[in-house]
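There are 6 protein chains.
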Amino acid sequence: MADIWLTSLITETPQEGFELAITLSRRGVKYTQPNTEVLHKLRSEYAENASDLTAASQVVAINFQTVACCQ
Amino acid sequence: MADIWLTSLITETPQEGFELAITLSRRGVKYTQPNTEVLHKLRSEYAENASDLTAASQVVAINFQTVACCQ
Amino acid sequence: MADIWLTSLITETPQEGFELAITLSRRGVKYTQPNTEVLHKLRSEYAENASDLTAASQVVAINFQTVACCQ
Amino acid sequence: MADIWLTSLITETPQEGFELAITLSRRGVKYTQPNTEVLHKLRSEYAENASDLTAASQVVAINFQTVACCQ
Amino acid sequence: MADIWLTSLITETPQEGFELAITLSRRGVKYTQPNTEVLHKLRSEYAENASDLTAASQVVAINFQTVACCQ
Amino acid sequence: MADIWLTSLITETPQEGFELAITLSRRGVKYTQPNTEVLHKLRSEYAENASDLTAASQVVAINFQTVACCQ
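Chains as they are written, first to last, in the working numbering: chain A, 1 to 71; chain B, 101 to 171; chain C, 201 to 271; chain D, 301 to 371; chain E, 401 to 471; chain F, 501 to 571.
In short, the hints are calculated from the structure, not lab data.
Incorrect hints may have been included.
DSS-like mimics (lysine-lysine), calculated; alpha carbons at most 25 Å apart, straight line [unchecked claim]: (1) C:Lys230 to D:Lys330; (2) E:Lys430 to F:Lys541; (3) C:Lys230 to D:Lys341; (4) B:Lys130 to C:Lys241; (5) A:Lys30 to B:Lys130.
So that you can see chain A by itself, here it is in the shape it has in the complex (with noise of 0.2 Å):
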């Protein structure tokens, strides 16, 4: 994976970071799985289980610490 993708975790907002914390969840998972095709059938499925929805808020909510602290 050779491309660049995070170059600073300051955001301009608070939602701006929120959403960084997204792009953080998801990157952690596609270094384990790159195929985007397998993720999106992935997708489908676990957005339609809360234990998965409520698993995935949690990564968010964590990288979202890692954001707001470096602020």
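On the provided structure of chain A, position chains B, C, D, E and F as indicated by the hints.
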């Protein structure tokens, strides 16, 4: 999701901070599953499941750390 | 939920801080499932399940970090 | 639960801090399930389950962060 | 495991920090299961499971907090 | 458990810190299940289970935060 929903992490009281943590937790879910109808259906299910409720409370706890740290 | 239940994170003793963490954990559940009757029924179930009890203790631990950090 | 069990988070050695973290983790369970008999029965079960033991160790790790931060 | 694989937590860019967090997460697994063949087999399984991928992303998020805090 | 196994959280290198985090994670398990024979049997099982390995890596990540923060 072009709407602005988070402009500050500063709250006037700790309870407002806790309620902001709840908002952050729900938004973390909504970025993955934006369909309100699906969310309502899932909610009626996991709101009767002890493990799911504890998991939801955990996400709130993590987001509350972030909010509390920013005061 | 218009009642005021959290006015400060400062406690007089560490144990009171721990007990506040328990309150925060239960409130995190109650915002999702406000029906007291349902909560009592679920509690009698998960209070006999080791995984659920450990998960509950984990939420308390996270909230206790927040309380301890604010002293 | 009127007994006093936590008067300070300061410990003399790191190991005593780790053992305090274990106490905190068990207390987190006990506030939800105060019945000692039930707790002993559950313990004999989850002490033979790898996932449950890892989950227990995770709660200890979180509480140990709190204790270590307060030294 | 006598090899030296971690000499510093300081990275030149946030993205390198995130990639170090991925390394830390994998090493955390490898200390428990050092057999590379077993790891490859397991990876091909959990890389197609949404819950496992989210859990992996969560470990990365926690390690990324550590790396980000050390910059 | 009268033996002294933790006298300091300070390590000479980050890698030693990571290995201390592994020790802490295992000790967290051992306080709940001190029977070495049972632990060995469980280990051979969860070392071949992706979810269990990720969970183990997560406990290491949390303990590594504690160790890194104390340097």
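Okay, the hints, checked on the actual structure:
no.	hint	result
1	C:Lys230 to D:Lys330	20 Å, holds
2	E:Lys430 to F:Lys541	18 Å, holds
3	C:Lys230 to D:Lys341	29 Å, violated
4	B:Lys130 to C:Lys241	29 Å, violated
5	A:Lys30 to B:Lys130	20 Å, holds
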